[in-house]
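For this one, chain A is given, so just place chain B on it according to the hints.
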Amino acid sequence: MHFHDNYPEYEKMAIHGEEEGKKARRVLWNVFWVMLIVTIIELIVGFIAPSKGWTGTFGLKFFFITLTLVKAAGIVLYFMHLKHERTFFKYTILVPYSIFMLYTIFILLTEGTYSMNPRFRNKVDKLYYEQQEKLKNNEHHSENVEH
Amino acid sequence: MSHTAHATVVDEKELWNGGVSPFNLSYGKIMMWFFLVSDALTFGGLLSAYGFMRHRFADVWPHAEHVFVHFPFVKGHIPLAYVGLMTFILIMSSVTMVLAVEAGQRKDKKGVIIWMLATIIGGLMFLGSQAWEWYNFIVGTEEGALRWVWNDDQGKYVQQIVHGANMTVNEYGIPQFANFFFFITGFHGFHVFSGVVLNIIIFTQVLNGVMEKRGHYEMVEKVGLYWHFVDLVWVFVFTFFYLL
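Residue numbers (this note's numbering), protein chains in the order written: chain A, -19 to 127; chain B, 30 to 273.
Next up, chain A with everything else stripped away, as it sits in the complex (with noise of 0.2 Å):
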């Protein structure tokens, strides 16, 4: 039986040796090694957080996402192999992606805050102060409560 497939020749090329091999296999474990201490800083810092009072704290978020960003490149870069990709190429996936997503992120950080503000939040928020009105006239009636 013979296939047909649009695997064009200078793929082919990507094709390597024993040689080679070992050293491409060398660099993925070292990228495995740092993935995972990695993420056991994360995990420790995780665990000690709220005893140390870290949490949520503006450190600790920097701290974590920072973390995470050097985990994702690590994936990125070597694992889906995009560093060893034409330039073009890496431009074509990262460039549009990061874009949007800072955008995204940008927007809704401003919006999202605007109505946290007590000055805006009675009008942008009706609806949660009654609720919450609603709730403290409803806890002063005990009979209410069932199990």
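These are calculated hints, taken from the structure and not from any lab test. Hints should not be assumed to be uniformly reliable.
[Said to hold, decoys possible] Subject to a maximum C-alpha distance of 35 Å in a straight line, what follows is the list of computed DSBU-like cross-link-like pairs (lysine-lysine):
#	chain 1	residue 1	chain 2	residue 2
1	B	K58	B	K136
2	B	K138	B	K58
3	B	K58	B	K242
4	B	K242	A	K70
5	B	K42	A	K70
6	B	K42	A	K3
7	A	K2	B	K58
8	A	K63	B	K58
9	B	K136	A	K63
10	A	K63	B	K42
11	B	K58	B	K42
12	A	K2	A	K70
13	B	K58	A	K70
14	A	K63	A	K3
15	B	K58	B	K139
16	A	K2	B	K138
17	B	K42	A	K2
18	B	K185	A	K106
19	B	K139	A	K3
20	B	K136	A	K3
21	A	K32	A	K116
22	A	K63	B	K242
23	B	K251	A	K63
24	A	K70	B	K136
25	A	K3	B	K58
[What the hints assert, rightly or not] Just a few of them, taken from the derived set where beta-carbon distance is under 8 Å, the chain B residues facing chain A:
#	residue
26	G73
27	G74
28	I120
29	L254
30	F265
Ideal Cβ placement from N, Cα and C applies to all residues, glycine included.
Chain B in isolation, oriented as in the chain A frame:
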């Protein structure tokens, strides 16, 4: 793995004049990348929405270290350990996948079979772990917690002891946390499931010698890209749901 094996060095300015593939990639791999970009936008949007709601309700948002504290066969309060294990399983299966791809580039059929089998097992282990995590989250603790629950008969919110979480009530905090947890980890879990199915299909083809007849293992590279993407998403879910 590396492209240093190229016989000729191409002038990058000449790439777009025709006659050569500017990306130096096959059609299938480029399209897999484009699909992954669109999928990454979906997950990016979901996680951004999660961050938005979390900021919005920061005062009532539950902390993951109080929610996910179970570990199999161990009684007690052990935060982060189980999800750490899940992360380890998925990173490990990502490594075995990339080793399968590397074996494919050496046309080492035995290597591809061994590493792909390890990847499939890792994926199934991760799915099982996630099912267990969901089970514990849905069942909740024995004591439960007092929460305001909407009562249709009385037409108002009443206080009730709530065990575990579902789409409308949540023992650990506001229901939005449970909604986002179910949707995002569920969507990711579905991707893991699809990845395992794709891996099994390609694994069977490798076993049957289809790739040998073709003379290359490109399909292994394509499912490999998908599998690494699943791992990539989990890295972010892990950070935003469990660590922060």
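These are the hints, each one checked on the structure:
no. : hint              : verdict
1   : K58(B) / K136(B)  : 18 Å, holds
2   : K138(B) / K58(B)  : 21 Å, holds
3   : K58(B) / K242(B)  : 20 Å, holds
4   : K242(B) / K70(A)  : 32 Å, holds
5   : K42(B) / K70(A)   : 16 Å, holds
6   : K42(B) / K3(A)    : 30 Å, holds
7   : K2(A) / K58(B)    : 24 Å, holds
8   : K63(A) / K58(B)   : 15 Å, holds
9   : K136(B) / K63(A)  : 22 Å, holds
10  : K63(A) / K42(B)   : 20 Å, holds
11  : K58(B) / K42(B)   : 23 Å, holds
12  : K2(A) / K70(A)    : 25 Å, holds
13  : K58(B) / K70(A)   : 13 Å, holds
14  : K63(A) / K3(A)    : 16 Å, holds
15  : K58(B) / K139(B)  : 23 Å, holds
16  : K2(A) / K138(B)   : 16 Å, holds
17  : K42(B) / K2(A)    : 33 Å, holds
18  : K185(B) / K106(A) : 18 Å, holds
19  : K139(B) / K3(A)   : 19 Å, holds
20  : K136(B) / K3(A)   : 16 Å, holds
21  : K32(A) / K116(A)  : 34 Å, holds
22  : K63(A) / K242(B)  : 30 Å, holds
23  : K251(B) / K63(A)  : 16 Å, holds
24  : K70(A) / K136(B)  : 27 Å, holds
25  : K3(A) / K58(B)    : 23 Å, holds
26  : G73               : 5 Å, holds
27  : G74               : 7 Å, holds
28  : I120              : 6 Å, holds
29  : L254              : 6 Å, holds
30  : F265              : 6 Å, holds
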